[in-house]
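Asker: One line per chain: the protein sequences are A and B, in this order. So the first sequence is numbered by the numbering used here: it starts at 1 and just counts up by one. So the second sequence is numbered by the numbering used here: it starts at 287 and just counts up by one.
FYI, nobody ran anything at the bench for these hints, they're computed from the structure. Please note that the accuracy of each hint is not assured.
To be verified - DSSO-like mimics (lysine-lysine), calculated; alpha carbons at most 30 Å apart, straight line:
| # | chain 1 | residue 1 | chain 2 | residue 2 |
| --- | --- | --- | --- | --- |
| 1 | B | Lys415 | B | Lys425 |
| 2 | B | Lys833 | A | Lys74 |
| 3 | A | Lys77 | B | Lys838 |
| 4 | A | Lys249 | A | Lys51 |
| 5 | B | Lys382 | B | Lys326 |
| 6 | A | Lys218 | A | Lys229 |
| 7 | A | Lys144 | B | Lys955 |
| 8 | A | Lys143 | A | Lys266 |
| 9 | B | Lys838 | A | Lys97 |
| 10 | B | Lys382 | B | Lys733 |
| 11 | A | Lys51 | B | Lys833 |
| 12 | B | Lys955 | B | Lys784 |
| 13 | B | Lys425 | B | Lys414 |
| 14 | A | Lys143 | B | Lys679 |
| 15 | B | Lys833 | A | Lys77 |
| 16 | B | Lys330 | B | Lys955 |
| 17 | B | Lys415 | B | Lys382 |
| 18 | A | Lys77 | A | Lys249 |
| 19 | B | Lys572 | B | Lys679 |
| 20 | A | Lys69 | A | Lys233 |
| 21 | A | Lys77 | A | Lys51 |
| 22 | A | Lys97 | A | Lys42 |
| 23 | A | Lys229 | A | Lys249 |
| 24 | B | Lys382 | B | Lys768 |
| 25 | A | Lys195 | A | Lys233 |
| 26 | A | Lys283 | A | Lys97 |
| 27 | B | Lys768 | B | Lys727 |
| 28 | B | Lys309 | B | Lys505 |
| 29 | B | Lys838 | A | Lys51 |
| 30 | B | Lys838 | A | Lys74 |
| 31 | A | Lys97 | B | Lys497 |
| 32 | B | Lys833 | A | Lys97 |
| 33 | A | Lys69 | B | Lys838 |
| 34 | B | Lys497 | B | Lys292 |
| 35 | A | Lys74 | A | Lys249 |
| 36 | A | Lys51 | B | Lys1061 |
| 37 | B | Lys784 | B | Lys415 |
| 38 | A | Lys51 | A | Lys97 |
| 39 | B | Lys330 | B | Lys425 |
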Amino acid sequence: MRIFSQGWSNGFDGPGRRWVYYLKGCNFSCLWCGNPESISMKNQMLFYPEKSSFAAESCPNGAVLENGKLDREKCIKCSSCDCVNSWHDPAFELSGKDISVSELIEEVMSRRDLFGSDGGVTFSGGEPTLQMDELLEAALALKKLGINLAIETNASSRRFSELNEIFDTLICDLKCVSPELHRLMVSFDNQTVIKNLMAVRGEIIRIPLIEELNFVSKEQDKILGFLTKTSPKRVELLRLHQLGLPKYKALGISCRAEFMQPPKRKDAETFAGRIMDLGINCKVLN
Amino acid sequence: MNEWNKKLTEGVESLRRFKRNQKTVNTWFFVQEIKMREHKAMLKEGLTPDTSAGQAELLCRVVETMPLSIPDGSAVAGSQDVAFSPSYALINPSFKVEEFAGYCDPCAAYSDVAIEDDLTEERVETVKKYWENTDYVKKLYDVYDSYTDYTGEVAFFMEPVTGHTIPDLRPFLKNGISAMKQQALSSEIEYGAAMARSLEAVIILAERYRKLALDKAEKCGDSGESSRCLKIAEVLERIPANGASNLHEAIQMFTLLWQIMVLEQAPNPYAFSVGNLDRMLLPYLKETNFNEAVALVRHLLCFFQVGNRCWAISQNIMVGGRDEQGNDLTDTMTEVVLDAFFQSNDPQPALSVKVHSETPESLYLNMGRFFFLPGHSTPSLFNDDSVFPMLAKQGTADSDLPDYSIAGCQEPLIMGKASLNTTNTWLNLGKLLELVLNDGKSTISGKQIGPTWQELGYDNIDEVFADAEGAFFKLLDIVLFKMEAAGNACTELLGHEKPVPFTSSLMDSFASFRDMRDPENPGVRYNGSGCLIHGLGVVADSLIALKSALEKWTADEVRSALATDFEGYGQMKSFMENQPKYANNVSACDSVAVRIASEVCECISSLRNPAGRAYLADWSTPSTHLLYGYWVGATPDGRSARSMLGYGIDPRPEASRSELPERFLSFRKLPFHSMTGGYASHIGICPIDAELGDSPEAKALWMRDRIIKPLFRLGDGVDNAPYYVYFNIDSAEHLRAVLKDPGELAPSGVYIMRIHGTFVNFLDLSPAIQEDIIKRLEVGGHAT
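Isolated chain A (complex conformation) (with noise of 0.2 Å):
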């Protein structure tokens, strides 16, 4: 399985107190995506040069040049990675690592009393079902050893239905309803994405929030009308933000959603209040 981070979260990626592994490589192309870095399945290299005064010095193959910016062609070609491996040089951060199942169920097992009574595991990406053999291995295996379980997907996989058998707590994406716009949105079809929601029961669907992309009247009138459909446990707000911004930056690649704005708060408020009246659980996340 091929991750670009893990960490600690806390009632925001399923209850409680959670181990997250966020699972490499995306199916959609997200315009405001907070993780750029989860996009790809290849290892990327960000390159933070304001973080450090010796980056030149830590790439012992001559990839950071004398404008400071890094040569990828060589960082690509360059298997070592001194500069994370040995320097530690917080200019560089490799995204990308494999873990195997027995190293994940190791790691997770030596956390296992941290979780309390509510909190598990999450698998978030990225998009984790793009992985969903090692997945399915990794969560099957963690499901006998009891730990409660919860995926953060954007509900596009054909084998989606299998999720629901495994994990207790389905995280699922709602970006939009209407096709085109979700093709615009995320470069993808959202057919799939429309079956499975429909298909399932007791899920959580977090909707990004975009002015003028998806938090215009008549879409919102869509999402509203889909949602009567539907049988979530809760839907969760999430009003765009820019934290991804220096991941672009240090990625070499430029944000397309950099001067999107996210809706007022209190306009947030106003929707979640609509979906609240069709008899949903609902809160605005930030």
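For chain A, the structure is supplied; the task is to place chain B on it using the hints.
Answerer: Same frame as chain A, now just chain B:
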């Protein structure tokens, strides 16, 4: 609220105002002046004031004439101002890290006297000179002079330990002084007679207070004041001669005993602590209603406020806990004490709560209101399920385990039965590492302090650096030998020159009829000497980084970089800073820390005090991580010269890189049961990071389930679990705002934070200490 409760509560508020506004406290000096006069008189009379019998007589004579008062609002007579001078180095706002010269000068307190009216400098100088010329002080200075090579830059430090005792007042509360005195006399042992005479001091003090109370009641026009004074006089008619028959009498008896105890060891006997106040007072609660009981305990808490600004002198009160079978011992009095603490929220005394796997939910719920209330005190916590087996391994009898109590910050002692000299020695591992990497020379001053490499058995620098850990332990062996001798010299001196028959009476001396301080044959069941150890994280991280650095630079280059505080070696410093560090759940690093901690504990516990008892490894740094860091040059973890060391077993703020649960996992690997003297550990929690309910109860359960249970491993059946923690729950931003606008954010003038075992008024701290607290919240505020 009935009329009497109202008077008690009004009284305590008035008393708190008085205590808080008290600016100049010279009482302790007047007492020392009287003591000087009586000491001289006894010598003139052909008596021997420095023997046990002489000390008892001297104590009584001082109590006969020392200044006493009953401030407005008091419902209980008594004060500790007789024993404490106004400055306590760490808490004083004018304290400067670079000027700190140790705690151990017995005459330093005379510099604190506020010159006023007829209290002239000459008068102060006369008293100071008198005590300076006593054998005890002269010999003590000789001891200090013998070890200045090592103490000058605090490679180690030593002190004769006063205070740091947990008396057992229960037999006195139950039986009264007359019966206890009779018991002492019936021993027909000379020391028993000294104990008996010292106990008379309590009777003398009580009678003086009784007359004072009657006089004040007669003269004052206020009916509340008058009735409180009459009540004091009424209570003092029965006690202390007889045992207490109700809560008011028990509390009055408590303060009288305590006042004489601190007086006997004055000036400045820090860290006298109480133990389980709830269990001690429960037998006397009887018909006293809950609110009256709370008000009375609040009066008792006021007694612990000493000097100007009620500064911290490490007095600890405990509640909760279990018995040896695991049964919970929480009782109604636990609730009373918690309520009293919550209502008063004063900087002294400090509160600790004992928890265990069967601690009832109600106790956590009761504690909930303390947490997450900005500027409010929060209890430190102890894990009975880990402390009990640790103490049992040291030889503590099962029946004594529930009576373990905390002296000051975190050192566990058995109430009334243990004299452990907890702050006898202080060891600076960071300084030793500096010396071992620089041929025994200080990189701060250039002085040759420790043995050379050749004396350690190495031929050249490459050998030393390649075997840095081995060389470190070779040096440690040599230094510990000296530290042991220095510490023991202080212990012997104090024991031989300053017997304490009164305090011994509150300890085991009714069983032994020997002085608790007797260095060779102490009159207590449990004895030892403490060593407070600094620099675990710095040494572990340095050894890890040094190994990696030697793959890139020569040993000579590393030595030069450290000697010049990395001047011209920025890349090396950066490299060292960025290496993996202890306490982030990185096995390779944690294993080094575990090895260092285990071996140092073993070395310390192999030392012996004059009674042949073991030294206790105490990984506690009550803000001395700043002071000791100031004397440590640059270290291979990338730390700059004179920067702070890690606090207790915690990593330095700069080395703390992971979330709190990962730190828990690192800590769990440490050998807690070898840390026989205790350890310090701080958790900073930023309230906004935590997903909490709104109610205090929800917050309490969040603390239990997310922090306390997983850290202490309650219910896991794990033997070697962490057993101590304290919290500062606030954000760095908010604390900076409090400092900027105290009028708005701390209108009462009191904003309680914690330094280890003590509450402190954050506003009264020196800037260096304020910044230390803020810095540890900046990096440690992960509530995940």
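Asker: Each hint should be assessed against the structure and marked as holding or not.
Answerer: For each hint, the structure was consulted:
Between the alpha carbons of B/Lys415 and B/Lys425 the distance comes to roughly 15 Å, so the proposed pair stays at or under 30 Å and holds. Proximity of B/Lys833 to A/Lys74 is assessed by CA-CA distance (about 29 Å); at most 30 Å being required, the pair is judged to hold. The straight-line distance between the Cα atoms of A/Lys77 and B/Lys838 is roughly 23 Å, inside the 30 Å bound, and the hint therefore holds. Restraint check for A/Lys249 and A/Lys51: satisfied, since their Cα atoms lie roughly 13 Å apart, inside the 30 Å limit.
With a C-alpha separation of about 37 Å, the suggested pair B/Lys382 and B/Lys326 falls outside the 30 Å cut-off, and the hint is violated. With a C-alpha separation of about 17 Å, the suggested pair A/Lys218 and A/Lys229 falls inside the 30 Å cut-off, and the hint holds. Annotation: proposed proximity of A/Lys144 to B/Lys955 holds, straight-line Cα distance about 27 Å (limit 30 Å). For the hint pairing A/Lys143 with A/Lys266, the CA-to-CA distance comes to about 40 Å; that exceeds 30 Å, so the pair is violated.
Of the pairs offered as hints, the one joining B/Lys838 and A/Lys97 holds, with about 26 Å between alpha carbons and a cut-off of 30 Å not exceeded. Distance restraint check for B/Lys382 and B/Lys733: the Cα-Cα separation of roughly 24 Å lies within the 30 Å cut-off, and the hinted pair is therefore satisfied. With a CA separation close to 24 Å, the supplied pair A/Lys51 and B/Lys833 stays within the 30 Å bound. Proposed proximity of B/Lys955 and B/Lys784 is contradicted: the alpha carbons are some 42 Å apart, above 30 Å.
At roughly 16 Å between alpha-carbon atoms, B/Lys425 and B/Lys414 fall within 30 Å of each other, so this suggested pair holds. Among the hinted pairs, A/Lys143 with B/Lys679 is inconsistent with the structure: their alpha-carbon atoms are about 40 Å apart, more than 30 Å. The suggested pairing of B/Lys833 with A/Lys77 holds, with an alpha-carbon distance near 28 Å, which does not exceed 30 Å. A threshold of 30 Å between alpha carbons decides the hint, and for B/Lys330 with B/Lys955 the separation of about 62 Å lies outside it, so the pair is violated.
At most 30 Å may separate the alpha-carbon atoms for a hinted pair to count; B/Lys415 and B/Lys382 meet this at roughly 26 Å. For the hint pairing A/Lys77 with A/Lys249, the CA-to-CA distance comes to about 21 Å; that is within 30 Å, so the pair holds. Between B/Lys572 and B/Lys679 the CA atoms are separated by roughly 38 Å; this puts the pair beyond 30 Å, and the hint is violated. Proximity of A/Lys69 to A/Lys233 is assessed by CA-CA distance (about 47 Å); at most 30 Å being required, the pair is judged violated.
Taken as a hint, the A/Lys77 and A/Lys51 pair is honoured in the structure, with Cα atoms around 23 Å apart against an allowance of 30 Å. A hinted pair counts as satisfied when its Cα atoms are at most 30 Å apart, and A/Lys97 with A/Lys42 qualifies at roughly 10 Å. For the hint linking A/Lys229 to A/Lys249, the alpha-carbon distance of about 41 Å lies beyond 30 Å, and the restraint is violated. Proximity of B/Lys382 to B/Lys768 is assessed by CA-CA distance (about 28 Å); at most 30 Å being required, the pair is judged to hold.
Of the pairs offered as hints, the one joining A/Lys195 and A/Lys233 holds, with about 17 Å between alpha carbons and a cut-off of 30 Å not exceeded. Proposed proximity of A/Lys283 and A/Lys97 is contradicted: the alpha carbons are some 34 Å apart, above 30 Å. Among the hinted pairs, B/Lys768 with B/Lys727 is consistent with the structure: their alpha-carbon atoms are about 17 Å apart, no more than 30 Å. Of the pairs offered as hints, the one joining B/Lys309 and B/Lys505 holds, with about 26 Å between alpha carbons and a cut-off of 30 Å not exceeded.
This hinted pair checks out: B/Lys838 and A/Lys51 have alpha carbons roughly 21 Å apart, not beyond 30 Å. Between B/Lys838 and A/Lys74 the CA atoms are separated by roughly 23 Å; this keeps the pair inside 30 Å, and the hint holds. With a C-alpha separation of about 80 Å, the suggested pair A/Lys97 and B/Lys497 falls outside the 30 Å cut-off, and the hint is violated. A threshold of 30 Å between alpha carbons decides the hint, and for B/Lys833 with A/Lys97 the separation of about 25 Å falls inside it, so the pair holds.
Of the pairs offered as hints, the one joining A/Lys69 and B/Lys838 holds, with about 24 Å between alpha carbons and a cut-off of 30 Å not exceeded. For a cut-off of 30 Å, the pair hint linking B/Lys497 to B/Lys292 stands: about 25 Å separates their Cα positions. A C-alpha spacing of about 18 Å is found between A/Lys74 and A/Lys249, which places the hinted pair at or below 30 Å, so the restraint holds. Of the supplied pair hints, the one linking A/Lys51 and B/Lys1061 holds, its CA atoms being roughly 20 Å apart against a limit of 30 Å.
The hinted pair formed by B/Lys784 and B/Lys415 meets the criterion: a straight-line CA distance of about 18 Å does not exceed 30 Å. Proximity of A/Lys51 to A/Lys97 is assessed by CA-CA distance (about 22 Å); at most 30 Å being required, the pair is judged to hold. Using a Cα cut-off of 30 Å, the hinted pair B/Lys330 and B/Lys425 holds, with the two alpha carbons roughly 23 Å apart.
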